[in-house]
Amino acid sequence: MTPLLSVRDLSIGFGGGDPVVQDVSFDVMPGQTLALVGESGSGKTITCRAVLRILPRAAQVRSGVITLTGPNGSLVLSDLSERQMRNVRGDRVSMIFQEPMRSLSPLHRIGNQVSEVLWLHRGASEKQAREQVLATFERVGFPDPERAYRSYPFELSGGMRQRAMIAMAMVSKPELLIADEPTTALDVTTQAQVLGLIKELQRETGMALILVTHDLGVVANMAEHVVVMHKGRVMESGPAEPVLSAPAHPYTQQLFNAAPSIPAEVAPVPPLPEDDLILELNNVSKTYAMRAKSAWKPDVLIHACRGVDLKLPRGKTLAIVGESGSGKTTAARIALGAEPPDPGGEVLFRPKPGAEPILVHKMTRAQRTAFQREAQMVFQDPYSSLSPRMRVQDAMTEPLEIHGIGTREEQRQRAAEMLKRVGLNEDMLKRYPHAFSGGQRQRLSIARAMMLDPSLIVCDEPTSALDVSVQEQILALLEEIRDGMNLSYLFISHDLAVVARIADEVAVMRQGLVVEQAPPNTLFHNPQHPYTRALIAAQPVPDISRPIDLKLVAQGAGSPESWAEAFRFGDAMIPSLVEMEPGHKVRCHV
Amino acid sequence: MALLRYSIYRFGTMILTLVVVSVLVFVIINLPPGDYLSNQIAELQASGQSAGVAKAEFLRKEYALDRPLYQQYLVWMGFIPGPQGFSGLIQGDLGWSFEFDRPVAEIVGDTVWLTVVVNLAAVVFVYIVALPLGVLAAARSRTWVDYTSAFIGYLGLATPNFLLALILYYYGRQYLNIPIGGLMDPIYEGMPLTWEKLKSVGVHLIVPTIVIGTAGASAMMQRLRANMLDELGKPYVETAVAKGMSPARMLTKYPLRVAFNPFVADIGNLLPSMVSGSVLVSVVMGLQTIGPTLLTALKTQDLFLSGFILMFVALLTLIGTMISDILLVLLDPRIRYEGRET
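The listed protein sequences derive, respectively, from chains A and B.
Quick note: the first sequence uses the working numbering, first residue 5, plus one each step.
Quick note: the second sequence uses the working numbering, first residue 188, plus one each step.
There's no promise every hint is true.
Derived lysine-lysine pairs resembling DSSO-like cross-links, with alpha carbons at most 30 angstroms apart [as the list claims (entries may be wrong)]:
(1) A/K177 to B/K248
(2) A/K235 to B/K421
(3) A/K203 to B/K421
(4) A/K366 to A/K356
(5) B/K440 to B/K248
(6) B/K486 to B/K242
(7) A/K177 to B/K486
(8) B/K440 to A/K131
(9) A/K235 to A/K356
(10) A/K366 to A/K320
(11) A/K177 to A/K131
(12) A/K555 to A/K203
(13) A/K424 to A/K356
(14) A/K315 to A/K356
(15) A/K235 to A/K203
Estimated spans, in silico, between C-beta atoms of each pair [to be verified]:
(16) A/G45 to B/F349: 51 to 59 angstroms
(17) B/G420 to A/P275: 20 to 28 angstroms
(18) A/Q132 to B/G420: 32 to 40 angstroms
(19) B/L502 to A/G19: 53 to 61 angstroms
Here are some of the chain B residues that sit facing chain A, going by a computed Cβ distance under 8 angstroms [claimed, not checked]:
(20) V322
(21) K421
(22) A429
(23) G431
Hints were generated in silico from the structure; no laboratory data involved.
Computed from a prediction, not measured in an experiment: that's the story for all the values here.
Each residue gets a CB set at the ideal place from its N, CA and C atoms; glycine is no exception.
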């Protein structure tokens, strides 16, 4: 069988520099899926963009032949004129991008943007296109296609926007779809549903798919062929089954080992002791009022947190897991005193065992200053959480200066010591953040958080912006520091696999409520709540024999009204958190 | 419907703002010590002309200038009755110019409309020039197109207006027979509006429009270019290219629409800066706009004349911002749907 797309000896470089993609070759068979796997900087994105020839202006294709073979003969894409290329783009080969939030024009209606493909390639009138677009919208799962047609992107959620992108790519029935990290920016349950959708559409239309991803779990669920890339070169390629079950190349093996996963078989563990709590949230709620559209209507109330009770024993890690909008970040902000809870909620912090607790929800100015020395934060995005205009040393000693601790020399000493603690060198103190990679920057963030010698660190998705292999290192570092310095972590994440690795206790949140809470092993051994089950089921596992169970995901990830009787909740009536077994609480009616 | 409601609301706030501005204008004019009439009375008394003094005293009574300041303001605006009953700005009585010894309405009469015409022409010129050049410079960034337009733009920014005026007048006269100075042939001054008069105004407008508009156009072009460059790097542009759109269509449909917002929002700022910026040019070029009159009125502390002109400029500004706000609501659904849950 002739391949639909064949890429031969592709090399791409920027300016006069070394090539960022070197001698890459692969074939995509009609109707099959090829996964391009690699970490950031591996050249996978540049490679797939080269197929459509939408490279950054500075990039040059140095060599290589890209051939698209259809029913009417072959086209050498790399030789086509720009005008001929336009007829291929969006018609025979279309593309889905990583960020659904930003890949649609904010000022044009969804219907207009999707129909445009048909106007361009089929010469369809607005009316003809509309019909076909509405049918596609229905197919990709918009509950109300007419409404979606009229909507602007900012009126849709991330998952819905990605569906709109898929509709845009599918409406012309292309022979090849290129999906560049199509689900990386989505919640894990949404990711599972979007992947399921792409697979179904592929089965229906018989199109081929190039899936660019860093997630081996996604590969296992989607691909027939795998190409593993590293630093612009192909490390290993072949059918998915052998590559995933017995990776030959050390780099592939390394990727495998680094990928966190939810343990398949675990035994429940005893509950955590509650005699020495460093942080305690009691009945914490947070309600935001959103201005109503009209001055005569009442404001809309948003319950970001509803009656959250959490206890963090000293030296342990408490993880809050949930999708975006679940209230996990709000809970963390309240725990840090960045926002007051609604009246009736309490946040208690005990800096030393048995000490008088600080009431975080009503601190005086002096107490706040003292509290800030004890509680620090590590942020999600290491690229924007360090000021690009401050040397590492200044960024690190700043907290000490604010609190007036030590002389300049002592501060410098401390900074050097902390750098060594996180695995960096003392001579890096004089550099600026841009000289560091993502992983190194996150080490810097951690080192900075440690400068004041805190007892509590709030980690807000500290690894979600990092590559898997780097993620693994950062998690190991966090564990090592916690155990070495007797720190306690409040760990915010959307990723159960990461949490499985580091947490001692997991609270799963949905719509401001904790729906299930237990130590991770207990939780994975016997998940009770449909939403927890959906989260676990949606986690892609790099094992072809364990595909995502879309039914479980759909059951749990839907709205709370659609859950089984025992778990259902609405605004009026919310079941309470019941202890099913020691240390395992589930929100349900018993 | 929502747009209509917004426009009405926006108009209401504009009126309110105008009232506040009127207070400020009145206070500012009265800030320097002395006023026109006191100065004149002192001068007349010194030279012993009692007839003039009597007239000045009469004027002072006539325009309620013997009353406390806040009452003077209220009479001027027409909120409370003056010596002639309600007769202030809101009733259409613009007051008396002491310097020219004529009603303000008579002095500013034509110049108000000529000012509007000149500045509108300049604004249109700014947009017509800046829009295509800005887009082109962004689309062809870092090529000779970009560099050339930037060079010409900076030249336009850096050349003093009056110098540009002289140069354009000289060469315009020499090669294209464009008339020098003024906004119409002197024979049409004070004449009713006819086709001939309109044509004369049109020909006279060419050089002033270019002179007043050039600096604004180059600044606007650079802003549009910068906005466009920001937008060109965004993923939705890539999406559009991946759909198979031609570059021209893609540019005008997507990034330009987004880059257009600040462009539209500038209308409000453009009008007043042109009115005030064109004072000097108007003097040099002998344009019968409001600028030169304002200069004289402020210098001689001619209360009602300067007050009216300042109010007029404020009105232009407010109308400009109102127009740009309403246009923005029309253009940008994110503003239109503000408050709706996203």
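Comparing the hints with the structure gives:
1. Between A/K177 and B/K248 the CA atoms are separated by roughly 85 angstroms; this puts the pair beyond 30 angstroms, and the hint is violated.
2. Between A/K235 and B/K421 the alpha-carbon distance is near 25 angstroms, which keeps this suggested pair within the 30 angstroms criterion.
3. Taken as a hint, the A/K203 and B/K421 pair is honoured in the structure, with Cα atoms around 28 angstroms apart against an allowance of 30 angstroms.
4. Proximity of A/K366 to A/K356 is assessed by CA-CA distance (about 19 angstroms); at most 30 angstroms being required, the pair is judged to hold.
5. For the hint linking B/K440 to B/K248, the alpha-carbon distance of about 63 angstroms lies beyond 30 angstroms, and the restraint is violated.
6. A threshold of 30 angstroms between alpha carbons decides the hint, and for B/K486 with B/K242 the separation of about 22 angstroms falls inside it, so the pair holds.
7. With a C-alpha separation of about 74 angstroms, the suggested pairing of A/K177 with B/K486 is violated against the 30 angstroms cut-off.
8. Of the supplied pair hints, the one linking B/K440 and A/K131 holds, its CA atoms being roughly 20 angstroms apart against a limit of 30 angstroms.
9. Pair hint A/K235 plus A/K356 does not hold up; C-alpha atoms about 48 angstroms apart against a cutoff of 30 angstroms.
10. Under the criterion of a C-alpha separation no larger than 30 angstroms, the hint pairing A/K366 with A/K320 is consistent with the structure, at around 25 angstroms.
11. Note on A/K177 and A/K131: the hinted pairing holds, with a Cα-Cα distance of about 19 angstroms set against a maximum of 30 angstroms.
12. For the given pair, A/K555 sits about 15 angstroms from A/K203 by alpha-carbon distance, which is consistent with the 30 angstroms threshold.
13. Simply put, A/K424 and A/K356 have alpha-carbon atoms about 26 angstroms apart, close enough for the 30 angstroms limit, and the pair holds.
14. As the CA atoms of A/K315 and A/K356 are separated by approximately 15 angstroms, the hinted pair is consistent with the 30 angstroms bound.
15. At most 30 angstroms may separate the alpha-carbon atoms for a hinted pair to count; A/K235 and A/K203 meet this at roughly 29 angstroms.
16. Distance hint check: the CB atoms of A/G45 and B/F349 are about 57 angstroms apart, consistent with the given range 51 to 59 angstroms.
17. For B/G420 paired with A/P275, a C-beta distance near 51 angstroms fails the hint of 20 to 28 angstroms.
18. A/Q132 and B/G420 have their C-beta atoms about 34 angstroms apart, which keeps the hinted 32 to 40 angstroms range intact.
19. The supplied range of 53 to 61 angstroms is met by B/L502 and A/G19, whose beta-carbon atoms lie about 55 angstroms from each other.
20. For B/V322, the interface hint is violated, since its Cβ never comes within 8 angstroms of a Cβ in chain A; the closest pair sits about 16 angstroms apart.
21. A cut of 8 angstroms between beta carbons decides the hint on B/K421: the least distance to chain A is about 6 angstroms, and the hint holds.
22. Given hint, B/A429 at the interface with chain A, holds; its Cβ is 4 angstroms from that chain's nearest Cβ, closer than 8 angstroms.
23. At about 4 angstroms, the closest approach between the beta carbon of B/G431 and any beta carbon in chain A falls short of 8 angstroms, and the interface hint on this residue holds.
Consistency with the previously given hints fails for numbers 1, 5, 7, 9, 17 and 20, ordered from lowest to highest.
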